[in-house]
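Protein sequences appear in the order of chains S and C. Residues 1080 to 1544 in my numbering are what the first sequence lists, from first letter to last. Residues 4 to 386 in my numbering are what the second sequence lists, from first letter to last.
To be clear, the hints were calculated from the coordinates, so they are not data collected in a lab. All of these numbers come straight from a predicted model, not from anything done at the bench. Where a beta carbon is used, it is the ideal one built from N, C-alpha and C, also for glycine. Among these hints, one or two may not hold up.
Below, in silico cross-link-like pairs of lysine-lysine (DSS-like), each with a Cα-Cα straight-line distance of 30 Å or less [as the list claims (entries may be wrong)]:
{"no.": "1", "chain 1": "S", "residue 1": "1287", "chain 2": "C", "residue 2": "320"}
{"no.": "2", "chain 1": "S", "residue 1": "1516", "chain 2": "C", "residue 2": "5"}
{"no.": "3", "chain 1": "C", "residue 1": "109", "chain 2": "C", "residue 2": "195"}
{"no.": "4", "chain 1": "C", "residue 1": "250", "chain 2": "C", "residue 2": "287"}
{"no.": "5", "chain 1": "C", "residue 1": "195", "chain 2": "C", "residue 2": "356"}
{"no.": "6", "chain 1": "C", "residue 1": "195", "chain 2": "C", "residue 2": "320"}
If you want a taste of the chain C side facing chain S, the calculated C-beta under 10 Å gives, among others [said to hold, decoys possible]:
{"no.": "7", "residue": "11"}
{"no.": "8", "residue": "20"}
{"no.": "9", "residue": "34"}
{"no.": "10", "residue": "49"}
{"no.": "11", "residue": "62"}
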Amino acid sequence: MAFNSVVFIFVFAPLVCIPNFFLSPAWSNRLILIASLFFYGWGEPRFLFAIFASATFDYFLGAVIARNHGQAAARLALAVGVCANLGLLVYCKYAAFFLESLGQVFGNLGIPIPEVLLPLGLSFVVFEKITYLVDVYRKTTPPAQRYSDYLFFVFFFPKMLAGPIIKYHEINAQIQERRVALDDVIYGVSRFIVGLSKKVLVADSLAKTVEAVFSAPADQIGFGDAWLAALCFSVQIYFDFSGYSDMAIGLARILGFRLRENFNQPYLSVGFTEFWQRWHISLSTWIRDYLYIPLGGNRCGAFRVFVNLWICFLASGIWHGANWTFIVWGAYHGLFVWLDRVVLKDRIWRAMPRFLGVAVTFFLVTIGWVFFRARTLSNAASIVAALFKPTSTSSFQYLGPSNDVYIFLVLGLVCSFIPLLVVVGMTDRIRGFEVVKRVLILLLTIWSFGQVCVSTFTPFLYFRF
Amino acid sequence: MKRAGDCLFLLVFGLLILAPGAAVIAQFVPLAILDDLRTSALFGQTVRAAPPDFQTSSVFSTQTQAAIGSWLNERMGRPREFYIRLNNSVDYLLGRSSNRSIVVGKRGELFTTEMLADLCSRRDEGKPVDDIARGLRRAQDIITRLGKAFVVVLSPNKAAVQPENIPDYCAGASPTRLYPRFISALEDTGVKFVDSEALARESARDGMPNWFGKYGQHWNAIGVFYATRAILGLLHEQIPGNFGSLKIEGMTIDDIPRGVEADTGLLSNFVFPLNAVSPHLEMKVEGARDKLRPLIVGTSFSGGFVEGFLSSGLADKVILYDYFHSMFQYESVTRPRIPIEGEVTEHYRSVLKEIDAVIVEVNAPALRSSHIARFVAATEMLH
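Model the full assembly from the supplied sequences, consistent with the hints where possible.
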């Protein structure tokens, strides 16, 4: 059940959020847990039981770790838990990819390639369950007092499908005690609508052009269309992903929970290090806390730091998808993060005006997005080549883009590069601007609800009167 | 004051989010006061949602969930209609359509993607239309040997005959466009045909209004008049009988499209009325001693011929094979059509005794439509 679906917006969300406002925390937890199980089961009924069983196993492992701190049993339980979770993820998401890749290198090995459907949100859920076990082991968080509390943490529906990746200690206190104030509901509603608008009004408007160019024969894509598609995808992925995070944070707030921010205007970054402090923050902090630091982090020699960075960014790349394009994208980012450390940050970024650093960083990030979006490495390479051939023109069959693509591309770029905190600070000082904001939210509500509803109505074009 | 503002905001938002659900509930509450809430006047045929199936296998494959979603969508009544119409109107202002088959051109003129693809496509698909032309020639030979007349009508592409408002990215007719190649193939094979795009240019030179309305994808009565007049000419060459000559009895121009003249606009489901320059033409046959008995095999454009033949008095009865799939009999423009039961090829075999002309209509953006092949195959079986 996607957040931008008719069933979620007009049926599920009101049925959960309205009663929740009037319930005590204990009854609210029960309602939200049942709703979360229903939410996940609606989209993935077959895997509901698998995730449920996995969560139950982790809960008991957490208890074992907590009872045996500092002993071998705790370390064993942690190892079993991490391996079981990673094993589930590797099997569902990467087994087929690894076997196919081995087959391309070594020929037919006679190993049957499993046909496994990746459960929705598995990548996020697995990472969260690993954080729980590791944090209990590190004593960062006590184990869940109740089994239902742990299930709540795993299945909490606002963040389940696409993050943000949360840690148990960030939500535990809120599970036990919280108040839902009217201000929370208003903030949550506004945040949800902003996120929905970002996704269905901006991101989806650009998706058609991106799809048309990226699926065209690689040798038929010209300079103009390549840049248009690359820029459109830069805006699309940011608005789509940050929009989803906004919806998750907004929904959680309506229910009385405060989740961490996941994006902080990443396209205003200078350098890739800063980019990863602003983009998908919950993932980058997870990789820092649970992979980079355990590998040694910055405390090693220069070569070991270099290796650690590459491991982390390759892991980040492949986490996003089972394709060599994601691995290359991760390596690309790893390369520039490493270059930031050795030369760029001190010698290049500091020497240039900030706006130029932002522009160069955005240029480099946009090229990286081509690998992220392309179907294959050769497709990506062809598009990147077209980006640097100003005289090339497109020759593939393509109707468009229509003018609205340019409108939303410009709107998206402007919103990406305006420092919103400054704008919010300025508008807060204007009398009556709160009313303007509320009216704008309501107008966006009507428009974005319209976009959601229209996807459910596709009349035949030719018919008899 | 702030609290009042907060409550008002939440009240309005609550109405927006709860209205569709209320419409679903209203489906089951038989109160007349709820009629407006539960009914939806969206225009266009869609695939009706099948009732959800609650078998375990369907639930586990999420078919049940998808069916429930579709079932709920259909019952969200007026609120859903409001959201869709408003969204479509905003999209129209932005120069786009939520319907993937519709394109908004300059000055808000509506086209279909098929029209633009036919006109601007850079693809070269070889010469597929030669086979189609040869098939039509074989059909013509068989039908004329049976003593009937045979005419092929190429109904026009709006984007080709009224290109002034096509989008800029459609930079004019592609050199690989199939229409002129099809004309050449028909000429080479000796098929009797009507080139309506040429007639459209003649009509423009005559100072007649456009054949297509701003919001329409089908030709109006002016296009039907010119094509029907050309058909009559070809029929007189092939069969005995005096069917008269077709004249324009009168023409009015208003801003109220009728019937198919704004069909694309109706399908777009806007909030605003579809006012656009709309010529309405009355045609009449003069000097006729005989009534034509036509069988028309065609697309949705053939509806214009049906109306033209009957309203002008050219024919008292018209049989239409819609895409050589569904069959209808028309006896009046005011009375509903009569569906004909049975299998098309069987009916075709028997109806040839009653008719004196077979008119095959082919639409320019869809020259390779399968109804032509099915018609040719059925005609060859007669032989």
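Going down the list of hints, with the structure as the test:
The hinted pair formed by residue 1287 of chain S and residue 320 of chain C fails the criterion: a straight-line CA distance of about 47 Å is larger than 30 Å. Annotation: proposed proximity of residue 1516 of chain S to residue 5 of chain C holds, straight-line Cα distance about 13 Å (limit 30 Å). Between residue 109 of chain C and residue 195 of chain C the CA atoms are separated by roughly 36 Å; this puts the pair beyond 30 Å, and the hint is violated. Proximity of residue 250 of chain C to residue 287 of chain C is assessed by CA-CA distance (about 5 Å); at most 30 Å being required, the pair is judged to hold.
With a C-alpha separation of about 21 Å, the suggested pair residue 195 of chain C and residue 356 of chain C falls inside the 30 Å cut-off, and the hint holds. A C-alpha spacing of about 23 Å is found between residue 195 of chain C and residue 320 of chain C, which places the hinted pair at or below 30 Å, so the restraint holds. About 8 Å separates the beta-carbon of residue 11 of chain C from the nearest beta-carbon of chain S, less than 10 Å, and the hint is met. Residue-level restraint check for residue 20 of chain C holds (minimum Cβ-Cβ distance to chain S is 6 Å; threshold 10 Å).
Hint status for residue 34 of chain C: violated, given a least beta-carbon distance of 21 Å to chain S, over 10 Å. Because the smallest distance between the Cβ of residue 49 of chain C and any Cβ of chain S comes to about 5 Å, under 10 Å, the interface hint for this residue holds. A least Cβ separation of about 6 Å between residue 62 of chain C and chain S falls short of the 10 Å threshold, and the interface hint therefore holds.
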